[in-house]
Every structure is written in structure tokens, then in C-alpha cells.
Amino acid sequence: MKLTVSNPPHIKQGVTVATIMWSKIVILAVVSLMATIVFGLSALAMIVASAISAVLTEAGIQKLSKQELTIKDGDAVSIGILIALLMPPTVPLWIPVIGSFFGVALVKHAFGGIGANLFNPAIAAWVFMNMSWATLTISGSIPHIGQYSDLVLEYGAGRLAEVSPIVLIIGGVYLIYKKYIDWRVPSSYLFTTIVLALVIGEDLSYVITGMLFLGVFILATETATSPITKNGRFIYGLLCGVLTVIYGFFSFNYVAAVLYAIFLANAVSPFIEKNTYPRPVDEVIA
Amino acid sequence: MTEKEIENSSSTEQSKPYRKQVVIPLLQHRGAICEPLIKVDDNVLKGQKIGECDHDFGAKVHSSISGHVIGIEERPHPCCNKKPSIIIESNGTDQTINFIPQQNPSKEYIFDTLKDSGIIELNGYPIFNILNTQKTIDTILVNLTYTSDANSNCTPENIPKLISGMKLLMKATDAAQGAFIIHRNNNQLASAIRYGLKEDNIRIIKMKHNYTPLMSNLLAHDMTGMRISNIDTPVDAGVMISSAYGALAVNDAIIEGIPPIEVNVAVSGAVGKPGIQKVGIGTSFKDIIQSSGGYVGEPAKIIMNGILTGTAQVTDEVPVIKSTTEITVQSIDEVVRTKPGPCIHCARCVDVCPVNILPARIASFSNIGRYDECKKLNVYSCVECGLCDYSCPSNIHILQLIRFARTALLGSFKIPEEKESPNLKLGCQSCLTPCYMGASSSRGGK
Numbered sequence: 053m054k055l056t057v058s059n060p061p062h063i064k065q066g067v068t069v070a071t072i073m074w075s076k077i078v079i080l081a082v083v084s085l086m087a088t089i090v091f092g093l094s095a096l097a098m099i100v101a102s103a104i105s106a107v108l109t110e111a112g113i114q115k116l117s118k119q120e121l122t123i124k125d126g127d128a129v130s131i132g133i134l135i136a137l138l139m140p141p142t143v144p145l146w147i148p149v150i151g152s153f154f155g156v157a158l159v160k161h162a163f164g165g166i167g168a169n170l171f172n173p174a175i176a177a178w179v180f181m182n183m184s185w186a187t188l189t190i191s192g193s194i195p196h197i198g199q200y201s202d203l204v205l206e207y208g209a210g211r212l213a214e215v216s217p218i219v220l221i222i223g224g225v226y227l228i229y230k231k232y233i234d235w236r237v238p239s240s241y242l243f244t245t246i247v248l249a250l251v252i253g254e255d256l257s258y259v260i261t262g263m264l265f266l267g268v269f270i271l272a273t274e275t276a277t278s279p280i281t282k283n284g285r286f287i288y289g290l291l292c293g294v295l296t297v298i299y300g301f302f303s304f305n306y307v308a309a310v311l312y313a314i315f316l317a318n319a320v321s322p323f324i325e326k327n328t329y330p331r332p333v334d335e336v337i338a
Numbered sequence: 007m008t009e010k011e012i013e014n015s016s017s018t019e020q021s022k023p024y025r026k027q028v029v030i031p032l033l034q035h036r037g038a039i040c041e042p043l044i045k046v047d048d049n050v051l052k053g054q055k056i057g058e059c060d061h062d063f064g065a066k067v068h069s070s071i072s073g074h075v076i077g078i079e080e081r082p083h084p085c086c087n088k089k090p091s092i093i094i095e096s097n098g099t100d101q102t103i104n105f106i107p108q109q110n111p112s113k114e115y116i117f118d119t120l121k122d123s124g125i126i127e128l129n130g131y132p133i134f135n136i137l138n139t140q141k142t143i144d145t146i147l148v149n150l151t152y153t154s155d156a157n158s159n160c161t162p163e164n165i166p167k168l169i170s171g172m173k174l175l176m177k178a179t180d181a182a183q184g185a186f187i188i189h190r191n192n193n194q195l196a197s198a199i200r201y202g203l204k205e206d207n208i209r210i211i212k213m214k215h216n217y218t219p220l221m222s223n224l225l226a227h228d229m230t231g232m233r234i235s236n237i238d239t240p241v242d243a244g245v246m247i248s249s250a251y252g253a254l255a256v257n258d259a260i261i262e263g264i265p266p267i268e269v270n271v272a273v274s275g276a277v278g279k280p281g282i283q284k285v286g287i288g289t290s291f292k293d294i295i296q297s298s299g300g301y302v303g304e305p306a307k308i309i310m311n312g313i314l315t316g317t318a319q320v321t322d323e324v325p326v327i328k329s330t331t332e333i334t335v336q337s338i339d340e341v342v343r344t345k346p347g348p349c350i351h352c353a354r355c356v357d358v359c360p361v362n363i364l365p366a367r368i369a370s371f372s373n374i375g376r377y378d379e380c381k382k383l384n385v386y387s388c389v390e391c392g393l394c395d396y397s398c399p400s401n402i403h404i405l406q407l408i409r410f411a412r413t414a415l416l417g418s419f420k421i422p423e424e425k426e427s428p429n430l431k432l433g434c435q436s437c438l439t440p441c442y443m444g445a446s447s448s449r450g451g452k
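Top line first, the protein sequences correspond to chains G and V. Just so we're aligned: the first sequence equals residues 53 to 338 in the working numbering. Just so we're aligned: the second sequence equals residues 7 to 452 in the working numbering.
There is no bait here: all hints are sound.
For the chain V half of the interface with chain G, some residues (derived, Cβ under 10 angstroms), not all of them: (1) 344; (2) 384; (3) 390.
Interface residues of chain G toward chain V, partial, derived using beta-carbon atoms under 7 angstroms: (4) 57; (5) 59; (6) 61; (7) 63; (8) 65; (9) 69; (10) 276; (11) 333; (12) 336.
Derived from the structure by calculation, the hints contain no laboratory data. C-beta: ideal position from N, C-alpha, C; glycine also.
Here chain G stands alone, though its shape is the one from the complex:
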């Protein structure tokens, strides 16, 4: 009889990185479907091309550096889809392809692969695209949630992710319910944004867009770039909200505001974490 000896626990919950990533991808796939309905098959082509580019980049890097292939965990796929979703439908096909290459190669793998990236790869790639080809990536329209039906299908969307806020809301709440993403960052981000926007007298129909919900539920909760301490996550969400409203107030563009806010908050997230280390229950102050 051969017996295995190991440390406890002798059972695992069964939630893996792949589970978390693929459930995010399912939600993004529904958003992609909505984008295809609104913008036509060119949007679908962008998303597919971007995802394939991301996966090929990851596979190539891991083959070249003789690492284990991790494309099955879905992280590269989700980065690829996200980069396409952040683009307006009018961009040429090579823009998201280069964006995906940049995001996976230079933002994710140059820093050490999954879990080690300093910035959210999708947002960093978007910032790169936005600065390199500003005339191509500018969106033709600014979303405006004027009536409730706009939450389901927003025909005024300027970028692919803005087409259906309701999908992102339902998907995000489902992810929180399954504990695949954290609830502290989304709640404090959303709360801060809405309260601050109301305080300075903004029109909420321009603030609450599909991009805000994508930022709140998918982009801001990206695990490597948000603090792991409980209080730190509240502060991180609060910072994201404050930066969103500041940028949006001065630039009148709440879509770019979300992305730049998360990009800047990523930069200070290690600092937030370092200063919010929790006090263990058995720590006694003499």
C-alpha cells in the first residue's frame, strides 16, 4: 500500500485561476455579442483578431523563453478581448492586434507574467494606442444613458464596451456573488463616483456609462494591480472614483476618465497596500 503524506488541507475548493478568468470571458463574450448587434460583424472581427493576437503573443513568448504554456488559463484571451472592447468600431483591424501584442508582451510578460504586472495590461495598451494613433482611436460618439432602454442596448456608444451596461452589471454582481472578484473595490468605486458626481452637479447620464461598469467590475478588480489588504481595497476604489470624477469634470469625457483613473490608481496601489497592513486578532498593545 502506497500512502501519500502531505500537509493539510487534503482538499481543495476547486476554484482555479482558469475558473475565474473564463467566467470573466463569458461576460465579455456577451458584451461582444451585443457589440456585434450594434456595430456589425466588423466589431466581431476586431475582437477575434485581438484575442488571437494576444494568445499567439503569449504562446510565442513562453515558447521562446522555454516556460510552461499557460494560454489555457484564459488570461491572455481576456486581455485580448478587453483591448478590442476599449476601441471604437471604426479603427482598422491592425490597431487592436498591435495593442494586444503590446499588452501581453510588454505589460504582462516583461514584468513576469500573470500576477506580476504593474499595470492592467488592457488599460496600459489602450493608453499606448491612444497616444500613438490618437486620430484613429478617437471615438465618434459619447454615450448618453438617456432612458432605461439605453442600459440594455446603447446605440450611441462610442466604444465597443459601452453597448450594454446591463450585461456588465449582471455579470459583475454574479462574479461578486461567486466570490470570483472582490466586492470592496467595486462598491467603493461606484459609490464614490456617483456621490462625487452628484456633489459637483454633473449630469449622471454622462457619468454612468458602460465603460464605468466595465471599469468598476472588470478592470479595477484586476487582481495583480489592486491591493490585497481589506482596507486597502476600499481606499483603492475610493481613489479610482475620485480620479474618475476629477478627470471627467475637467475633460468632459467620462469614458477616458475611467481608464486613466484606474491607470493612475494602479501606480499607487502597492503604496496603498504597504500602508494598510492589517492588525492580527492576537496583537496586544501593552
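Mind docking chain V on chain G? Use the hints.
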């Protein structure tokens, strides 16, 4: 577990086919090892004291069968390496010593009996040492949230004994109040205890966590709100925490006069007939598994005391000790064989941690050998509940890394034994008068 199944398991217990030989380790708790009171080829009776310890922190050991001693040697122990054990072969009769029942004991009698019977708590501390304190204990808590303890010991016929054990503990410590801590989902047990409870000063409290025996400080903290450092015990907060096993053993030792020679063991997993058995101390795991239907398929892992925090065994010939409550057999498909990946900083471990530390950060520092950083991140606060490891999506062995860091830290604070160099011992012997330079005569050449 229905009542019918319990009857089945107790009927197999009466036939006792698996009691041919028992191996009773002389160390069954945390503390000093016992000295054997008997020699090889002596005859012993059931309940006879066979091991005693003069040390304050000792727990006496009793024989669980009548028979004769065939050896005192080192045998496998379920919690550590080989330990000196007494091997007794049954002589077929079930002759016992005279147990002295005491229905209405005095406080002194309870203390004496507890010391004499060597009852231990599931966390390994002798119950006498917990009670024998200068501090005032005003609350007795019986923790029924530890799953494997509750599974095996909280059967319907044991509920009156549990309440009686609780009352005895309250009498011994003059505690004003007591409480049964029950997991909030375990409504069946809560209603069973509420039905049997007639006292006003004993309450039922429902809690969110499953408190393992190592989490006594945390339970006391959650109950009283006092912060207890990891070098203190719940007694420092005026709380005594017992397990279901402890309360039952106290009741048996005092009301019926039987020392802890039998334990209730829940057998689960890949066996023919899972259920609860009452077995004597020293019965090997092999015999217990055999009498509960044998292995189903090839066993791949045998775990004592729960699947989340239990100890995996090297062999199935280890004996049952006082703190055994559950034996789990895993088949080859159930054994976790996952390869750890990189941490994605998802903070799931931080969210489940009951003591508010950062398991992911400690694990990554432990992995690269930075134990000083682990200490700064309060690695000593960990109560080893295993929830971080259980919920990690990257399959990182967080608990193992935390234990590794602790062991390394303990080793680094240990004062090394002074090694005498061969020169030092021989000395140069060239000076018979004391050295004028003040060097000791053994320093070279002077």
C-alpha cells in the same frame, strides 16, 4: 447519520473482533512523556494505569483492554515519529478494574480524578493543567464547531453526558456561566441540546466559523472581545474552552469512574461502511477500517482528525490516541495533486483568514527564504485552519509554507549547542602555571 446506523455500529463494537492487540503510546499529548509502570509479560486489566509522569505537564495513560504486555518498544505514532509504546495482547476476557462511580462529587474529588485519569483536550493540553490555575475562570465554553469532533462525539445518546460534563467543569472552576458553541448551520445539534438543557446559566451560541482546537484563542477573542496574544491561553481571559470529547471524558471519569480508554471515532471516505465506532485507545487504524467495511479500492491517503486540518499518516498501523476523532480514507482520485502556480494576488486568502493576516504575502516571503519578513507579517498569529490553502486558486501550498517559516524561525532562535573543539579539550599542557596573559591554559602554545 441516522439512529439505525449508530445502532449498527455499536452492535459491531460489542463483538469486538478487532481487539486482539493494542499499541498504547506513552505520549499522547503535548508535554512530558510517561514512564511505564509495568514490565514485559505483566498482566494488566482494562482501565489499569500503565504509564505515569512526575512532571507537572503530564497525562497518565491507562490500558484499554485486559491482557498481558508483550513488549515496550518504539512504534509509529499518528502525530509524530516513532514513540515508546506499550503493546498489550488481549486475553479474551473483558476484566476491568473497579471503577468508582461518584454521582455527586466535591470540587476536590473532581480535581483529583481529573489529574489521575489524564484526560487531555483535543489541542493536546491536559485538562487538569488548564483548570489548575490561579486565575479565575468565569465561563466554560464547549466548542462543538470542530467538525470531526462534533461528527463523532455529538451523537444523540451523548447529549446528556455532554451537558453533565459541562456542569462538572463549571463546578470544578466555580464558573458562573457556560455555553455550547455550535456552528450556525448545525440546527439539528442546537435543537437537540436545547431540548436537554434545563439550566438557565448554560446558553447555546451560534458562530460563523468552524473553530479547530488550535483556534481556542480566537474563539475566546470572539466570545469576550479580549485580545489574547499567542503566548497566552484563553484562561488568561477568564474562559475555559473544552471540546465535546473533553466534556464527555470528564463526565465518564467522574460520574462513571472510567478513565479515557475509549474514544468515538468517525470513519469516513473510501471505506465500505462509514460510521461512528467506539474503540479502545491503541487500536490500530487498520483494524478500525477493517471493521467498518474495509478499504474501497486502493487507499491513497489516510488522514486523522479531519480533511481540512488533519494529519496524513505514513502507515495504517498507527494506533488511535486520546485525541483521535476522525479517520478519513482518500482514494487515489481524491488526493490533491495540484502543481502550484504563480500568485495572482486575488486576496481570497486574505478574505477567508480568521485571524486577519496576509497569508499570500507570508507564503511568498517564506518561499524565497525571507523568514524575517514573515515574522514582521505576524506568521506566529496563524492558527493553521487551512482555509487560505483550501481557497487558493493558484494551488499554492500556503499552509505548508507558513509552517516552514515557523519551523525555520524556531530554529533560528534556538541557541546552538556549544561545540568543543578537539584542541580545547586536550589543551596544550605546556603551561602548568596559570597563563600570565590571562588566556585560559587551553589557548594554543602559551
